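K.L.:
For the protein sequence lines, the chains are A and B, in the order given.
The first sequence: position 43 = 43 (UniProt numbering), numbered continuously.
The second sequence: position 312 = 312 (UniProt numbering), numbered continuously.
Hints are supplied without guarantee of correctness; some may be wrong.
[Claimed, not checked] Cβ-Cβ distance ranges computed for the label pairs, FRET-style:
hint, chain 1, residue 1, chain 2, residue 2, range
1, B, 152, A, 54, 48 to 54 Å
2, B, 332, A, 48, 54 to 60 Å
3, B, 57, A, 42, 52 to 58 Å
4, B, 283, A, 18, 24 to 30 Å
5, A, 18, B, 98, 54 to 60 Å
6, A, 42, B, 282, 42 to 48 Å
7, A, 18, B, 119, 29 to 35 Å
8, B, 302, A, 48, 45 to 51 Å
9, B, 268, A, 42, 46 to 52 Å
10, A, 54, B, 291, 44 to 50 Å
11, A, 18, B, 275, 34 to 40 Å
12, B, 44, A, 18, 27 to 33 Å
[Unchecked claim] Listed below are the simulated DMTMM-like cross-link pairs for lysine to aspartate or glutamate, each with C-alpha atoms no more than 25 Å apart in a straight line:
hint, chain 1, residue 1, chain 2, residue 2
13, B, 172, A, 41
14, B, 50, A, 2
15, B, 38, A, 2
16, B, 50, B, 40
17, B, 170, A, 43
18, B, 138, A, 2
19, B, 98, A, 7
20, B, 201, A, 157
21, B, 170, A, 40
22, B, 170, A, 41
23, A, 47, B, 192
24, B, 172, A, 2
25, A, 101, A, 116
26, B, 256, B, 200
27, A, 33, B, 183
28, B, 170, A, 48
29, B, 201, A, 41
30, A, 29, B, 200
31, B, 38, B, 95
32, A, 33, B, 191
33, B, 50, A, 7
34, B, 50, B, 137
35, A, 140, A, 157
36, A, 29, B, 192
37, B, 172, B, 128
38, B, 319, B, 42
39, A, 47, B, 191
40, A, 29, A, 43
It should be emphasised that the hints constitute simulated quantities derived from the structure, not laboratory data.
Bear in mind the structure is a predicted one, so any value in this text is a computation, not a measurement.
Every residue gets a Cβ at the ideal spot worked out from N, C-alpha and C, and that includes glycine.
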Amino acid sequence: MEILINDFSPGLFVVMTILFLGLIFLMVKFAWKPILSSLDERESGIKDALAAAEKARTDMQNLQADNEKMLQEARAERESMLKEAREIKEKMISDSKELAKVEGDKMLKQAQVAIESEKKAAVADIKNQVAELSVAIAEKVIKEELSNSEKQLKLVDSLLSDLKLN
Amino acid sequence: MKKVLETLKTATLLFVLCFSLQGFASSDEDQNLEVDTKDEVDAYIQHHIKDAHDFHLFSYTSNGERKHVGFPLPVIVWSSNGLATFMSSAFHHDDDGKVVVERNGSSFVKFHSKIYELNAGASQVEFDETHHATNADKVLDFSITKSVFGILLIGLFMLIAFSSLARQYKNKSIPTGFGRVLEPLVLYVRDEIARPNIGEKRYRQFTGYLLTVFFFIWILNLLGLTPFGFNVTGQIAVTAALAIFTLVIYTFSGNKDYWMHILWMPGVPVLIRPVLAVIELAGALVIKPFSLLVRLFANISAGHIVVMSLIAIMFTLKKSLGVVGATGLSLVLSFFITLIEVLVAFLQAYIFTMLSALFIGMAVAEHDHDHEHDTHGHDVPDAEDVRGDFI
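Starting from the given sequences, assemble the full structure and let the hints guide the process.
P.N.:
Here's what the structure looks like:
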């Protein structure tokens, strides 16, 4: 302790205090302030850049997810459209088949009706012709039969004989 | 390749540093066989760790005349007759109070690196048994001593180096050259010392001081390891000034909580509070700065003494080990001790700065946490209280 106190030089203490005070002020003004603010600036710049990169990454991810979603939707839509088209096609085919069948049936029926009526007309026509023909034949036969009196008398006789039998 | 080259450069520098120190000492001792007994070595070391009024590089004897190589520094003293200034060469390298310098009607002598003003009529300084001058008074010595010279040198170096680093940031965000060495050191002090100890909120305010203290102590410690023989951070006046700077800063930036914990400790019985206040006041105003100043002073002085003692092995053990043995032993030991001293130079700067930051941090800490109370209503000590106990 004695040596410590003896070694202590008040003059050096005063000089050191003054010089060091000056050094602190000069260093703070010309070195530490600009250095620390530059470092802070740089660090905040790095931080911002990192945050921006992170944001860009998430944005990209979102975008990709959106794209994926849109693709999915488009695919689903295509699928449904195809399905719909197939359904429509099938429906159309079945519809036209139905229609054709109905139309055919109708035509068939009409044809049958027409055939029937034609047939009826033809039969009637034949009947008439047969009747006319038979009358004509009968006329000719009668005319032939009754061309002389003998034959007429013979006929009357046969007819009368038939009557007798009855 | 570049890295290897850098490493090689550093190693060479270290080597040169250690061995030039050796060379300095040995050339001094070998050529004039003045310092070769243990007492003389002791005296030489005592002389070295003290401040000096001239910049002395080495001495030698030629033709029986002692020659000194170095340059004088200005002496500025406040005597009973006012200010007196002269160059230290006026003492003609005398350190035993034999040469009397007359200035402004006062007579000055230099004895063991201290300047005394002789009382009227005295022609030579005389001492009693307790080494107090009987016929002379110590004067207020504002001289540009070797330490002041070192402070000025390092202050100038720091200003130039760091303001050039600051200028570099104007043009680019990443420094080049020497600035690339300095930037991580600045970041280290800011991120490892200031920020964790003071806290995110207020660290910025004190970082300037901490940076200045750290680099000042570290560079001066390293300068002390060079053969120029500076011992600035081993001067108790210098470490005292540094410690008082820290004391002033944490005393004046202490908040209400800090003073509350010192003067009227919450959570203890009222009767104990005044006792605690005395202890806390002594701790804050005396013990903390005293521990700071003595730690730095003692470590650096001890380092210098150990290195010089190991160098002195070269001639104190010459008789028992032979010239080669003594020189070899001294070389090996002092080489490794010097390496350790390089580490100590950094460590002491770190510890001083760290403790300063810690003390400031304790003074400005915001106690938004209330002390946790256990079931009996007693305070449960938290980490901060425990940390405080160890400092």
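K.L.:
The structure should be examined with respect to each hint, and the outcome stated for every one.
P.N.:
Hints and how they fare:
Between residue 152 of chain B and residue 54 of chain A, the C-beta spacing of about 50 Å keeps the proposed range 48 to 54 Å intact. Between residue 332 of chain B and residue 48 of chain A, the C-beta spacing of about 55 Å keeps the proposed range 54 to 60 Å intact. Between residue 57 of chain B and residue 42 of chain A the CB atoms are about 44 Å apart, so this pair departs from the stated range of 52 to 58 Å. A hinted range of 24 to 30 Å for the beta carbons of residue 283 of chain B and residue 18 of chain A is consistent with their spacing of about 29 Å.
Between residue 18 of chain A and residue 98 of chain B the CB atoms are about 32 Å apart, so this pair departs from the stated range of 54 to 60 Å. Between residue 42 of chain A and residue 282 of chain B the CB atoms are about 44 Å apart, so this pair conforms to the stated range of 42 to 48 Å. Separation of residue 18 of chain A from residue 119 of chain B is about 30 Å and conforms to the stated range, judged on CB atoms against 29 to 35 Å. Restraint check, residue 302 of chain B to residue 48 of chain A: a C-beta distance of roughly 50 Å satisfies the suggested window 45 to 51 Å.
The hinted window of 46 to 52 Å between residue 268 of chain B and residue 42 of chain A holds, with their beta carbons roughly 48 Å apart. Our hint of 44 to 50 Å for residue 54 of chain A and residue 291 of chain B holds, since their Cβ atoms are close to 47 Å apart. As the Cβ distance of residue 18 of chain A to residue 275 of chain B is approximately 39 Å, the hint placing it in 34 to 40 Å holds. For residue 44 of chain B and residue 18 of chain A, the hinted distance range of 27 to 33 Å is satisfied, since their beta carbons lie about 32 Å from each other.
This hinted pair checks out: residue 172 of chain B and residue 41 of chain A have alpha carbons roughly 12 Å apart, not beyond 25 Å. Taken as a hint, the residue 50 of chain B and residue 2 of chain A pair is honoured in the structure, with Cα atoms around 15 Å apart against an allowance of 25 Å. Between residue 38 of chain B and residue 2 of chain A, the direct Cα distance comes to roughly 23 Å. Compliance with the 25 Å bound is thereby established for this hinted pair. For a cut-off of 25 Å, the pair hint linking residue 50 of chain B to residue 40 of chain B stands: about 15 Å separates their Cα positions.
As the CA atoms of residue 170 of chain B and residue 43 of chain A are separated by approximately 15 Å, the hinted pair is consistent with the 25 Å bound. Distance hint between residue 138 of chain B and residue 2 of chain A is fulfilled; the C-alpha atoms sit about 16 Å from each other, no more than 25 Å. A distance of roughly 21 Å separates the Cα atoms of residue 98 of chain B and residue 7 of chain A; the hinted pair therefore holds under the 25 Å criterion. The suggested pairing of residue 201 of chain B with residue 157 of chain A is violated, with an alpha-carbon distance near 162 Å, which exceeds 25 Å.
Of the pairs offered as hints, the one joining residue 170 of chain B and residue 40 of chain A holds, with about 13 Å between alpha carbons and a cut-off of 25 Å not exceeded. Taking the CA atoms of residue 170 of chain B and residue 41 of chain A, the gap is about 11 Å. The hint holds against a cut of 25 Å. Distance restraint check for residue 47 of chain A and residue 192 of chain B: the Cα-Cα separation of roughly 20 Å lies within the 25 Å cut-off, and the hinted pair is therefore satisfied. Proximity of residue 172 of chain B to residue 2 of chain A is assessed by CA-CA distance (about 54 Å); at most 25 Å being required, the pair is judged violated.
Of the supplied pair hints, the one linking residue 101 of chain A and residue 116 of chain A holds, its CA atoms being roughly 22 Å apart against a limit of 25 Å. Proposed proximity of residue 256 of chain B and residue 200 of chain B is supported: the alpha carbons are some 19 Å apart, at most 25 Å. Note on residue 33 of chain A and residue 183 of chain B: the hinted pairing holds, with a Cα-Cα distance of about 13 Å set against a maximum of 25 Å. Among the hinted pairs, residue 170 of chain B with residue 48 of chain A is consistent with the structure: their alpha-carbon atoms are about 20 Å apart, no more than 25 Å.
Annotation: proposed proximity of residue 201 of chain B to residue 41 of chain A holds, straight-line Cα distance about 17 Å (limit 25 Å). Only pairs whose Cα atoms come within 25 Å are accepted, and residue 29 of chain A paired with residue 200 of chain B is accepted, the gap being roughly 22 Å. Distance check on the hinted pair: residue 38 of chain B and residue 95 of chain B sit about 20 Å apart at the alpha-carbon level, within 25 Å; holds. In summary, the hint linking residue 33 of chain A to residue 191 of chain B is supported, as the alpha carbons are separated by about 16 Å, within the 25 Å threshold.
At roughly 8 Å between alpha-carbon atoms, residue 50 of chain B and residue 7 of chain A fall within 25 Å of each other, so this suggested pair holds. Between the alpha carbons of residue 50 of chain B and residue 137 of chain B the distance comes to roughly 19 Å, so the proposed pair stays at or under 25 Å and holds. With a C-alpha separation of about 21 Å, the suggested pair residue 140 of chain A and residue 157 of chain A falls inside the 25 Å cut-off, and the hint holds. A threshold of 25 Å between alpha carbons decides the hint, and for residue 29 of chain A with residue 192 of chain B the separation of about 23 Å falls inside it, so the pair holds.
Taking the CA atoms of residue 172 of chain B and residue 128 of chain B, the gap is near 65 Å; set against the 25 Å cutoff, the hint is violated. Note on residue 319 of chain B and residue 42 of chain B: the hinted pairing holds, with a Cα-Cα distance of about 18 Å set against a maximum of 25 Å. At roughly 16 Å between alpha-carbon atoms, residue 47 of chain A and residue 191 of chain B fall within 25 Å of each other, so this suggested pair holds. A distance of roughly 21 Å separates the Cα atoms of residue 29 of chain A and residue 43 of chain A; the hinted pair therefore holds under the 25 Å criterion.
This entry does not satisfy hints 3, 5, 20, 24, 37, going by the numbered hints stated previously.
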